[in-house]
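Make the full structure from the sequences, and use the hints.
Residues in the sequence shown are numbered consecutively from 1, following the UniProt record's numbering.
Don't read these hints as lab results, they were simulated from the structure. Don't be surprised by glycine CBs; every beta carbon is placed ideally from N, CA and C.
Label-pair distances were calculated between CB atoms; the ranges are:
hint : residue 1 : residue 2 : range
1    : G28       : T166      : 33 to 39 Å
2    : G187      : V18       : 36 to 42 Å
3    : E131      : G98       : 18 to 24 Å
Once the Cα atoms are required to be at most 20 Å apart in a straight line, the calculated PhoX-like pairs of lysine-lysine come out as:
hint : residue 1 : residue 2
4    : K84       : K100
5    : K30       : K100
6    : K259      : K30
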Amino acid sequence: MPRFAANLSMMYPEFTFVERFAAAAHDGFKAVEFQFPYEFPAAQINTLLADNNLTLALFNAPPGNWANGERGLASLPNRINDFKHSIDQALNYAHILGNKKLHVMAGLIQPDSDSGAQRNVYLNNLAYAAELAQQAGINLVIEPINTRDMPSYFLNQQEQAQAICTELALPNVQVLFDIYHCQIMEGDLATKLRRDMQRNNAGIGHIQIAGAPDRHEPDLGEINYPYLFELIDALGYTGWIGCEYRPRNNTSAGLTWLKSWL
Numbered sequence: 001m002p003r004f005a006a007n008l009s010m011m012y013p014e015f016t017f018v019e020r021f022a023a024a025a026h027d028g029f030k031a032v033e034f035q036f037p038y039e040f041p042a043a044q045i046n047t048l049l050a051d052n053n054l055t056l057a058l059f060n061a062p063p064g065n066w067a068n069g070e071r072g073l074a075s076l077p078n079r080i081n082d083f084k085h086s087i088d089q090a091l092n093y094a095h096i097l098g099n100k101k102l103h104v105m106a107g108l109i110q111p112d113s114d115s116g117a118q119r120n121v122y123l124n125n126l127a128y129a130a131e132l133a134q135q136a137g138i139n140l141v142i143e144p145i146n147t148r149d150m151p152s153y154f155l156n157q158q159e160q161a162q163a164i165c166t167e168l169a170l171p172n173v174q175v176l177f178d179i180y181h182c183q184i185m186e187g188d189l190a191t192k193l194r195r196d197m198q199r200n201n202a203g204i205g206h207i208q209i210a211g212a213p214d215r216h217e218p219d220l221g222e223i224n225y226p227y228l229f230e231l232i233d234a235l236g237y238t239g240w241i242g243c244e245y246r247p248r249n250n251t252s253a254g255l256t257w258l259k260s261w262l
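Pasting the structure below:
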């Protein structure tokens, strides 16, 4: 049976971030994920998780200066020291929150940087982060993101991300398979899930969902999620599936799709 985690950065916008934990628990979620928790003390978030009997499935390492357009630091040649500091901060949060999975964003393609050189920076930074994360018992995931929502993002294709993981050949670096992003960039979802779930040196470390093309509830749009949920179960995936979508209206009212899976 699939296990679903509410993404509190996108779901429950009718509540403050602090209030969203209780709202998700009230709706039957046993786990949550979110993007960037750093404006709140880790101890406060840990209390919210404990008070609502919630598991933290995933969060992101700091992305750099989001307001100025940065979308991750891992591949940026001129931000290597900043990237290292961001991993220190993320691992400190993970230690306090008891979280075992961290998404490291690659960043945008740099127009003034050679693509091969940027890729080498990315590989070296991921190896650095993975070593520290492994010491803390934490797995890293990297995510291909579609170019419509995030133009010029460094990773766009599942095979591209899987190749990075295969080249690194590190046991705690895998791919975050976001079905919404994959549908927009590539399609052929079931075939890619079958192909990548069983890879020896890479594989799928986390899954996220949203309806396509509008990123609302997964029962809206062009993706047959009931079929994919059964396939994911059959392939032996036991991790959390993050619901990273923007509710069309009230979040709780839009969860009719979830009731048969809880």
